[in-house]
Amino acid sequence: MNEFESRQKTGSGSSDFRTTQWSIVLAAGNADPKDARDALEWLARSYWQPLYSYLRRRGCDGEEARDLTQGFFARLLERQDLKSLSPQGGRFRSFLLTAVKNYFLNEREKTFAKKRGGNQTTVPLELPDAEKRYEHEPFHEATPEKAYEKVWARSVLGKALERLADGISEEESRRFTALKSRMLNPSDESLAELAASLSMTPGAAKVALHRLRQRFARCLREEVAATVSSPEEIEDELRHLLESLLG
Amino acid sequence: MEKRHFCEHCGTVFLPLSSAEDMCPSCLLRLGVETVPVEPPPGIRQAPAVEDLRELLPGYEILELIGAGGMGAVYRARHRKLGRLVALKVLLPDLSANPSFSDRFLREARALANLNHSGIVTVFDFGSVDDLYFFAMEYVDGVSLRELMRAGSVDCALALELVKQVCDGLHYAHERGVVHRDIKPDNILLNHEGTVKITDFGLAKLAGDPADHPLTRTNQVMGTPHYMAPEQIERPSEVDHRADLYSLGVVFYELLTKELPLGRFTAPSLKAKLDPRLDKVVLKSLEKDSELRYQSAIHLKADVERLSNVSAAAVVRKGAQSVSQSVTKAVTHVAQYSEQLDLPAKVSSATRKVKDRVSGNCSRWSRLSQYDRALCGKIKRGVIVVASWVKAGAEKLRPLGAKLVSLAQRALQWWKARRAT
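Protein chains in written order, with our numbering: chain A, 917 to 1163; chain B, 9 to 429.
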């Protein structure tokens, strides 16, 4: 059991839990501001897609949404008032949605007042394939908030899968990919097939699959931990994500 | 636009996360949320391969590994002499860390083998070979409450029936001084006759004697903190039967609301539009102080019984309806997506026909064999629900239940055969 988990389970590790990104940002008041900025930047890089989708659903076109997303993160990272956040400041997901709502309304007013000049982007935040990914999303009928929540849940899941694949060597990668694809529905027949193709016994394949699921569950929790303010919120946030995705 | 995929698991059409992923995001997330990460407890080694086990336990024909977890591994096996199917549970303690394990195993196993109740998975045999300890238990062909909930097949009346049955099994064991210590939906099974069977009685204690271990270790052994009574986490050595009633309270809440009662949770009646009288019963099971909780499973059962005082006829009607509805839903799904999924026209037209027939008449599913597996799974689960309604006092539904089981089995066989070709 790694450090993170043992704490999560006993619920006694608030001091070390602070090392997750969002809790660093929240603790900006008594921590190194550079750390807080770095942590926030990491979060921004991970979770810009939900924002982009939100803005698109609010009626921005692709270019506008891209500008606004970048402008928003630039503003966020410049903000001197991170210190005013409280360490019990809730979850990054909710914080970001509120912040972007305000930002969007402000920007819209400004655009009405004068045609907005070029956005001074100071964050080197690339938005690769933003529009392509947006089009790929199946939620065009949802409200902007719902779209945000759904894309958020998908982003977390995507990050967890990346984490799962982290450190898999090239020799292991074939086995890993094969096992991963059976993670959801390991029927006996497909398991036997899988085992044969990987030259494992069915028993060994089953155990390997069990381990992979366990590791996936841990990766997911680590990913969520980065966006909440205390370990007690992890399970609750997970359920929220699931509801968003199913709803 | 990316190609849409069909998820066999949940029966919906989905967009994968990326072109490199072909798994259904909702099912994947659900899997991750519901898998509670457990490290193998100290001293429990990896599950032995089927081949190795065959050598160690020649008295059993080891068929397959059906589960591996923190406590060891479970295999489906056949007792050679009796010809009877069993679930073989293998524990692999590290004896150097647990010098007294052998004695404790013998003591606990005898207590478990003496439990003889229709609501508890029977222990037929136990023993040890080298440092491998095993139980041979009744093999239950059915689903766990976890699977039943996942299929969305539990409504309020069924939840009450299930809880009542669990109370019976628990009361029996508690009277004999045996505490389960790990009641959760995965450990409560429902067979095709609609009988609840509690499994893994007392194994949590065996795998990790709380008296020997600090808090975290107990957590690892149990693996399921969400269902544990507060005293079980804080003072594991003082746990008595009332801890099981708390865990059952969590299961009860989850059955009714599909959620766990975490933090400051909402009363079940508000969450799921239920009879508000239920709240009192559920909340009393979930009292943090064991003195304020139900003091006996029989008291909990009595209160639940009072609430489920509906006429048997109504129960039957509702059961038949719910299955009919779930099948209609499943069929509608297939019909709806058959074009996108490029199913053969034969299947599409058959499903439409069945849909017409099923509406209002759930006894004439002659075309079941046309379905795909996701559908078969749903039907099978539906059948189990019907069986439990039968159990709830509906003699009239018994033949129908049996008929449904055979239909569902035929459908599954057809599917397997199709897979094989």
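Since the hints were derived computationally from the structure, they do not count as laboratory data.
Glycine included, C-beta positions come from ideal geometry on N, C-alpha and C.
Please note that a few of the clues may not be correct.
As the list claims (entries may be wrong) - 30 angstroms max Cα-Cα, derived DSBU-like pairs, lysine-lysine:
1. A/Lys1075 x A/Lys950
2. A/Lys1062 x B/Lys309
3. B/Lys279 x B/Lys172
4. B/Lys172 x B/Lys89
5. B/Lys292 x B/Lys279
6. B/Lys89 x B/Lys266
7. A/Lys1062 x B/Lys296
8. B/Lys281 x B/Lys296
9. B/Lys281 x A/Lys1062
10. B/Lys309 x B/Lys279
11. B/Lys281 x B/Lys292
12. A/Lys1075 x B/Lys172
What the hints assert, rightly or not - Negatives, chain B to chain A, calculated, CB over 12 angstroms:
13. Glu16
14. Ser34
15. Arg38
16. Gly40
17. Asp60
18. Tyr68
19. Asp139
20. Leu140
21. Gly210
22. Arg243
23. Glu246
24. Lys266
25. Ser277
26. Leu282
27. Glu299
28. Lys309
Claimed, not checked - Short, incomplete list of chain A residues facing chain B, as computed with Cβ under 7 angstroms:
29. Arg1098
30. Leu1107
31. Gly1119
32. Lys1122
33. Leu1125
Right, here's what the structure says about each hint:
1. A/Lys1075 x A/Lys950: 24 angstroms, holds
2. A/Lys1062 x B/Lys309: Not satisfied, since the Cα-Cα distance of roughly 42 angstroms exceeds 30 angstroms.
3. B/Lys279 x B/Lys172: 22 angstroms, holds
4. B/Lys172 x B/Lys89: With a Cα-Cα distance of about 36 angstroms, the restraint between B/Lys172 and B/Lys89 is violated, given a limit of 30 angstroms.
5. B/Lys292 x B/Lys279: 17 angstroms, holds
6. B/Lys89 x B/Lys266: Violated: B/Lys89 and B/Lys266 sit about 43 angstroms apart, past 30 angstroms.
7. A/Lys1062 x B/Lys296: 36 angstroms, violated
8. B/Lys281 x B/Lys296: OK: B/Lys281 and B/Lys296 at ~25 angstroms, within 30 angstroms.
9. B/Lys281 x A/Lys1062: 24 angstroms, holds
10. B/Lys309 x B/Lys279: 22 angstroms, holds
11. B/Lys281 x B/Lys292: Roughly 19 angstroms separates the two Cα atoms, so the pair holds.
12. A/Lys1075 x B/Lys172: 43 angstroms, violated
13. Glu16: For B/Glu16, whose nearest Cβ neighbour in chain A is about 6 angstroms away, the distance does not exceed 12 angstroms, so it is violated.
14. Ser34: Violated, since 5 angstroms does not exceed 12 angstroms.
15. Arg38: It is violated; B/Arg38 is separated from chain A by about 6 angstroms at its closest Cβ, not greater than 12 angstroms.
16. Gly40: B/Gly40 not clear of chain A: closest Cβ-Cβ about 4 angstroms, inside 12 angstroms.
17. Asp60: 9 angstroms, violated
18. Tyr68: About 15 angstroms separates B/Tyr68 from the closest Cβ of chain A, which puts it past 12 angstroms; holds.
19. Asp139: About 19 angstroms separates B/Asp139 from the closest Cβ of chain A, which puts it past 12 angstroms; holds.
20. Leu140: 15 angstroms, holds
21. Gly210: 22 angstroms, holds
22. Arg243: B/Arg243 clear of chain A: closest Cβ-Cβ about 14 angstroms, beyond 12 angstroms.
23. Glu246: 18 angstroms, holds
24. Lys266: 10 angstroms, violated
25. Ser277: B/Ser277 clear of chain A: closest Cβ-Cβ about 20 angstroms, beyond 12 angstroms.
26. Leu282: 19 angstroms, holds
27. Glu299: At about 24 angstroms from chain A, B/Glu299 clears the 12 angstroms cut-off, so the statement holds.
28. Lys309: 29 angstroms, holds
29. Arg1098: 10 angstroms, violated
30. Leu1107: Hint on A/Leu1107: violated, closest Cβ of chain B at ~9 angstroms, above 7 angstroms.
31. Gly1119: At 4 angstroms from the nearest chain B Cβ, A/Gly1119 passes the 7 angstroms test, so the hint holds.
32. Lys1122: 5 angstroms, holds
33. Leu1125: With a closest approach of 9 angstroms, the A/Leu1125 hint is violated.
Against the hints set out earlier in the document, violations occur for numbers 2, 4, 6, 7, 12, 13, 14, 15, 16, 17, 24, 29, 30, 33.
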